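Visitor: Modelling step: build the complete structure from the supplied sequences, incorporating the hints.
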Amino acid sequence: MVLSDVRLEVMRYIEGKLDVVMAEFLKPVEEYWQPSDLLPDATQENFLEEVKLLRESARELPYDHIAVLVGDTITEEALPTYESWLMDVTGINQHDPSAWTKWVRNWTAEENRHGDLLNKYLYLSGRVNMRAMEVSTQYLIADGFDIQTGRDPYRNFVYTSFQELATNISHRRTATLAKQAGNAQLSKICGVIASDEMRHAKAYKSFVSQIFEIDPTGMMLAFEDMMRKKIVMPAHFLRETGVQIGQTFSHFSDAAQRLGVYTTHDYINILDSLLTEWQIAYMEDLNDAGQRARDYLMALPDRLRRVAERTKLPELDYQFTWIA
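Quick note: the sequence shown uses the numbering used here, first residue 8, plus one each step.
Honestly, the hints are just simulated from the structure, not real lab data.
Note that the structure is predicted; figures quoted are calculated from it, not measured.
Ideal Cβ positions, reconstructed from N, Cα and C, are used throughout, including at glycine.
Careful, some of the hints might be misleading.
Label pairs and their in silico Cβ distance ranges [as the list claims (entries may be wrong)]:
| # | residue 1 | residue 2 | range |
| --- | --- | --- | --- |
| 1 | 133 | 248 | 18 to 26 Å |
| 2 | 116 | 69 | 51 to 59 Å |
| 3 | 254 | 59 | 34 to 42 Å |
| 4 | 133 | 298 | 52 to 60 Å |
| 5 | 52 | 331 | 24 to 32 Å |
| 6 | 105 | 139 | 35 to 43 Å |
| 7 | 94 | 279 | 39 to 47 Å |
| 8 | 87 | 254 | 18 to 26 Å |
In silico EDC-like cross-links for lysine to aspartate or glutamate, where the CA-CA straight-line distance does not exceed 16 Å [stated by the list, open to error]:
| # | residue 1 | residue 2 |
| --- | --- | --- |
| 9 | 209 | 26 |
| 10 | 209 | 31 |
| 11 | 237 | 291 |
| 12 | 195 | 26 |
| 13 | 109 | 31 |
| 14 | 34 | 153 |
| 15 | 186 | 63 |
| 16 | 237 | 153 |
| 17 | 186 | 67 |
Guide: Here is the structure:
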């Protein structure tokens, strides 16, 4: 049996359980929050007063905090790219309605609220050059991305498991920093987004767990391959006007590191958590290549920590075009 046939068989098996996954990890549209629930209501008489209070609270946020918020917003708003990428994964066919296409569309619909909410908050805050931010968003969608997964569902689900955990950490830490700065509204905004990301992470992790039950060696080799390549963030092509692809993302990452929102150590801790979640150390029924992949993965966190200990905190003072 060729590789793609094995993947298709596994995806059909998981598809049979997707209704349960969607019921557990997605929320009913009419019952869950929408961006307008967390922002000043323009239909109310006190709208301008609430906007004034929002702007006053936002004024106290440090430069790096605003930079991270903008970068997170642009990342969240690139949802068209992410949906089109998932719809092309082996075993998912948007022209053949199925539980998989339903999952991708409903996951996208939930995620789409994040960018809408953050965008409106930043617009009202008065801290951001919205046109410069919007240009970066259009560039990111137009440029696309390459997360090195191809159409392989195994590699894609490793990526989405890792990435949803990373965005949970980023939004959760941003919420904490906002609370410490006395900005309860922004703290709640980032907190509800972080909660969504964790639910979605649990779903994608469950897909990988099921694959390990059916095809342990194939899944182990895919996991090893993704970690050898390193998990790149979906906004790694982020750029501003007149700036080369990759440079803006590098500065955004530096700001996140300085702020402690998402660091190299978080990357390693996520890897550790996935090794535990999927019980990699105890995985059996592996061939020789699978066993070598398992050994590599189990040794990787300590190797990465040794490198991280020698890494200095970035201190470059960079002025983003996004920030007014």
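Visitor: State for each hint whether it applies.
Guide: Evaluation of the provided hints:
no. : hint                     : verdict
1   : 133 with 248: 18 to 26 Å : holds (21 Å)
2   : 116 with 69: 51 to 59 Å  : violated (33 Å)
3   : 254 with 59: 34 to 42 Å  : holds (36 Å)
4   : 133 with 298: 52 to 60 Å : holds (57 Å)
5   : 52 with 331: 24 to 32 Å  : holds (28 Å)
6   : 105 with 139: 35 to 43 Å : holds (41 Å)
7   : 94 with 279: 39 to 47 Å  : violated (31 Å)
8   : 87 with 254: 18 to 26 Å  : holds (23 Å)
9   : 209 with 26              : holds (15 Å)
10  : 209 with 31              : holds (10 Å)
11  : 237 with 291             : violated (25 Å)
12  : 195 with 26              : violated (30 Å)
13  : 109 with 31              : holds (14 Å)
14  : 34 with 153              : violated (30 Å)
15  : 186 with 63              : holds (14 Å)
16  : 237 with 153             : holds (12 Å)
17  : 186 with 67              : holds (12 Å)
Comparing the model with each earlier hint shows violations of hints 2, 7, 11, 12 and 14; every other hint is respected.
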